[in-house]
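**Student:** Chain by chain, the residues:
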Amino acid sequence: MTLLLTALVVWIAGGGACLLAGRNRLVAATVGSSTAILGSVLALTGLVVGLRLPVELPWSMPFGHLALACDGISELFVAVAAVVTALAAVFGTGYLRHAPDRKPFGLAWCLFNLLTASMVGVFLAANAVFFLLAWELMALTSFGLVMFDHEHPGVRRAGVIYLIATHLGTALLLVMFLLLGCECGGMLDFDAFIAGGYGPEVAGVVFLLALVGFGTKAGLMPMHVWLPEAHPAAPSHVSAVMSGVMIKTGIYGIVRIIWILGSLPSWCGWALVAIGAVSGIGGVLSALAQRDLKRMLAYSSVENVGVIALGLGIGVLGLDARNPAMTTLGFAGALLHLLNHALFKSLLFLNAGAVRLATGTTELDRLGGLLRRMPWTGNTFLIGSVAISGLPPLNGFAGEFLIFLGALTPLLDPAVSGSTAALTGGLTAAVALALIGALAVACFVRTFGLVFLGEPREAARAEAAQEVGRSMCLALLLLALMCLVVGICAPLACLMVLEAVQQLAGAAQLDLDTTRFLEPLVFVSLTALAVIVVALLLFVLRRRLLRGRIVEATVTWDCGYAAPTARMQYTSSSFAQPILRVVRHVLTAHKRFAPPRGLFPAQAAFASETSDVYEERLYRPLFKKIESLLGRLQWMQHGKLNYYILSIVLALLALLAWKMR
Amino acid sequence: MNFWQTILPVLAALLLAPLLPGVIARVKAAVAGRRGPPLCQLYFDLWKLLRKGAVYSRTTTWVFRAAPGIALAALLCALPLLPAPGADALVSCSGSMFILIGLLALARFATVAAALDTGSSFEGMGGSREVQFAALAEPAVLLALAALARASGTCALGGMFAGTVGPLWQTAAPAVGLLAVALGIVLLAENCRIPFDDPNTHLELTMIHEVMVLDYGGPDLAFILYGAALKLWVFGTLLVNLLVPWQDAARPLAGTGVLIVGLVAVAIAIGLIESALARLRLLKVPQLLLGAGALAGLGLLLIVRL
Amino acid sequence: MNHILDTLLVILLLSCFLLLGTSRLAAAVRMTAVQGFMIGLLPLAIEGGEIRLRVAILAALIAVLKAGVFPWLLMRTVRSAGTTHEERPLVGYGLSTLLGVAAVGAAFWLDSRLPFSAEAHSKLVVPVAFSVMATGLFLMVARRTAICQVLGYLTLENGIYIFGLAIVSGIPMLVELGVLMDMFVAVFVMGIAIFRISREFDHIDAAQLTSLKG
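Residue numbers (the numbering used here), protein chains in the order written: chain A, 1 to 661; chain B, 1 to 306; chain C, 1 to 214.
By construction, these hints were calculated from the structure, which means they are not laboratory data. Treat the hints with caution; some may be incorrect.
[As the list claims (entries may be wrong)] Facing chain C, from chain B, some residues (calculated, C-beta under 7 angstroms): (1) P174; (2) Q287; (3) L290; (4) A294; (5) G297; (6) L301; (7) R305.
Glycine is no exception: its CB is placed at the ideal position from the N, C-alpha and C atoms.
I would like the entire structure built from these sequences, with the hints used as guidance.
**Tutor:** Below, the structure written as structure tokens:
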């Protein structure tokens with residue numbers, strides 16, 4: 001714990017030191033990244049040494065103690081945060097080297113370090129006030145980082161949307177914590193929360209508030225609108241941290257609340273499954289509809305958070321049905337997928353940054369053929385894509401596999417299937433997961449193919465593209481290696497999340513059923529090894545067969561057409577069109593079509609754009625309505641200062657009168 | 001569990017899988033009144049291709065060269081997971097049905113990535129259609145297997161069929177029939193047979209699987225053809241296991257024998273379907289696959305209600 | 001468990017899916033004919049071993065009417081109306097099929113909440129009856145052509161009949177005949193009406209009948 005505290009201090013101090021660097025790029029990067037890495041190393045060492053003495057310091061804050069505690073759940077999240085931020089910092093040194101001069105580099109690195117510190121603070125907080133303070137600091141620092149390129153109007157818009165969304169979420173959290181505090185006799189410590197007992201109604205309300213409040217941060221589907229705006233706007237190493245770790249603070253909050261409430265009514269599990277299915281399917285379909293690499297990755301984060309929510313839902317349903325196997329598999333799958341997603345999503349966001357550095361764009365339809373020019377970026381992106389699609393040799397498969405197993409448990413066990421909620425919830429989750437998996441394959445094979453394979457769609461861009469610097473390649477390589485290692489050593493990785501699962505199950509007085517998932521996971525890793533070995537053998541076989549024979553190089557067969565151009569290749573929207581056509585009623589694309597006219601048409605154009613359904617059909621009308629309603633109060637905004645002061649005085653008097661009543 | 005009983009089906013798959021496309025071709029020829037190619041045509045093709053050199057497009061990268069091997073490796077690793085009628089699988093673990101689905105998806109990822117690697121618009125089109133069909137077929141497979149998991153109490157492919165299907169045919173014949181139809185439709189879609197895709201077409205615009213592998217030749221094409229035959233074998237095995245209510249196979253040869261006979265029957269059925277049906281309009285394909293999902297879901301519902 | 005009965009019921013369910021998924025009017029009419037035939041066979045399947053004459057006659061009558069006369073009438077209308085396809089359904093066919101599946105699920109859930117199945121001949125009868133009824137109602141709501149709406153009405157009636165079979169063992173013959181008579185008249189009238197409408201207005205789009213109001 002001392003080491004963890006030291007890490008926190010290092011991050012905060014490093015952040016302060018960065019401020020002194022001002023606009024000096026080199027000093028800021030050196031100080032910022034080295035303190036970020038040092039802090040992470042300290043934190044990881046602290047986790048390995050594992051002395052967990054809760055710390056409590058006096059603090060002049062009503063209800064607040066500076067209470068920090070580290071348990072199994074916190075440990076997992078802190079580990080994820082430390083690893084991802086350290087590697088993002090390594091990448092960031094190289095990435096920001098190419099940013100234009102006169103940027104506030106010192107401030108950016110300061111915010112980066114403070115963001116890390118605040119996220120770890122959220123994971124370690126054992127008091128609601130301290131938790132909310134860290135939570136707010138996290139929102140503000142990440143907002144500052146999103147605004148790094150604030151010259152662009154789009155970035156400013158994204159920042160404002162993010163700020164509003166996150167504060168709406170926080171408002172709900174405030175209510176939730178106050179509710180919990182009222183139930184526990186005015187105490188706002190987590191220890192007091194878990195000691196208290198809650199009736200089903202209170203538990204339900206608290207859970208709903210948590211689901212919406214934390215779900216906003218996590219990016220679950222109806223509350224996700226800020227995510228595809230803010231993540232692409234931020235610099236890539238920040239997007240990696242935001243997608244890899246920061247949205248996980250939302251999941252952390254939900255997990256914490258499940259732990260605090262102990263046993264939840266079954267509809268809570270169902271709600272998690274439903275929201276997870278909506279986010280998962282909606283997220284991956286929206287990702288398929290995107291034409292910008294980083295936006296697409298942001299939507300895919302929505303999808304993966306949905307998958308995690310599915311797992312948590314299975315776990316909660318298992319708790320309700322008192323089934324150890326279902327609980328264990330659901331929670332373990334969710335947390336393992338969380339770990340995996342942190343790895344491959346930050347990898348992919350860093351890759352996107354590398355692509356932007358090399359080509360100056362992240363628009364899918366302007367890229368292509370980059371694998372030859374950027375082998376490190378390209379091959380690590382391939383590993384990330386296979387992993388995020390949930391395919392066997394890599395880590396993405398293991399987490400989804402556990403969730404699948406958990407989802408079908410009530411189907412296999414007649415003793416549990418008496419609970420209709422568990423049965424139907426599990427089936428819904430399994431079908432949704434199968435659909436999500438297949439669509440994710442479509443989405444990421446498309447992205448990898450468009451960016452790195454085929455012919456460059458804009459030759460000049462590809463000519464100019466060069467592999468990014470050594471520090472960035474190092475970060476990419478390490479993340480890709482971790483994806484591979486976690487995939488092959490799935491059971492070991494699962495042991496990492498085991499303690500957190502145990503804690504969750506223990507809060508509801510349920511034992512774990514570890515054999516149910518460790519044994520199948522051994523088979524998963526064996527399969528992974530087998531696939532790799534057999535593929536290598538076949539590769540060697542092919543090499544030997546071809547040795548000494550004629551291997552020619554020629555053009556791609558284009559069916560007799562002699563003058564193919566790179567622009568004739570399939571584009572992002574044409575690849576996704578067949579799938580999106582099936583869901584055209586839900587995900588409407590706006591098309592602009594100028595058909596060729598006349599005998600010798602000179603011009604023709606076609607463009608399609610898929611905007612966010614919820615933003616378009618839910619939030620925009622809703623906010624318009626609110627705006628017009630509030631517009632009626634505009635007579636109060638008259639600009640006369642004395643009237644304002646009068647109204648404040650009247651309000652204060654009214655409050656006083658109410659209190660003296 | 002007898003070792004031979006479980007390893008024989010895998011050996012049979014490795015040796016006999018290329019026979020199935022031959023059977024289909026012969027059936028189609030017979031229906032059309034022709035003599036058709038020899039039954040072992042695919043063996044000859046494979047032998048010929050393995051002895052050839054290769055021609056690669058200048059656009060392609062290592063992804064294109066490695067993809068056939070990866071796809072074939074995924075299918076080879078899927079073989080030990082499959083059961084024979086009345087017998088367990090060589091490798092059986094809880095959840096092997098998800099491993100099978102994952103391996104098939106890996107093979108698909110590799111094939112489509114390679115298609116995009118050529119930079120040809122036709123191959124991109126094939127890849128796009130392939131992933132669309134798969135996205136709709138995967139939930140159907142999951143539902144069908146989930147129904148069997150319900151009946152057998154395990155989600156290991158090995159234990160799912162043996163000893164379960166027989167009683168199930170007696171208690172819930174309509175449900176099993178629905179599952180079989182759903183799996184049959186998925187088999188046709190996943191293996192790119194009529195009514196989803198015409199393996200014999202020579203118009204690139206209408207091909208799906210064939211168009212993705214247009215640029216391959218030599219040993220790579222041999223891998224792909226062999227992989228396609230294995231994929232047919234994989235789905236065929238699931239279907240045969242579902243249709244044959246085989247209780248127990250004490251003799252190792254019997255289960256494998258039933259399996260081979262059943263697969264040949266499946267191939268003949270595919271040949272007949274291909275002769276009788278025309279290709280479906282592409283816009284109608286999602287509907288048929290959704291229908292397969294609906295059938296599988298209905299089957300599951302009936303079995304859950306038992 | 002009665003095997004033949006279950007098979008008939010599953011075929012009935014499948015015919016519902018096909019009704020929901022097809023745009024061709026002729027195919028839809030044929031599907032209702034199949035449904036009618038299955039409905040006709042149902043009492044025989046329920047009786048099982050010994051088949052009484054009364055039941056046999058009733059079955060034959062139903063089969064002839066529902067699988068022969070009605071489809072023939074409707075086919076004639078389809079042919080004479082000159083419309084072969086439902087052109088613009090209010091709900092797409094893929095979505096309709098999915099909703100059909102959802103309806104089946106809902107029917108099973110509803111059945112688990114109601115006490116009917118305990119005394120029914122098969123666990124499937126009541127849920128299938130609900131699903132068939134739901135399909136009929138859905139067709140009447142979600143399709144534009146008058147033919148499809150007539151088919152929806154027929155399907156709904158089939159569902160009600162199955163439901164009746166499920167909860168009452170042996171419906172009084174007189175009631176049954178009365179219902180059949182009603183339906184016959186209804187279909188007859190509707191067939192004539194559609195024929196007239198299509199001759200008068202060149203289409204059978206029921207949504208456009210709103211133009212008839214004063």
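**Student:** Give a verdict on every hint.
**Tutor:** Outcome of the hint check:
no. : hint : result
1   : P174 : holds, 4 angstroms
2   : Q287 : holds, 5 angstroms
3   : L290 : holds, 6 angstroms
4   : A294 : holds, 5 angstroms
5   : G297 : holds, 6 angstroms
6   : L301 : holds, 6 angstroms
7   : R305 : holds, 6 angstroms
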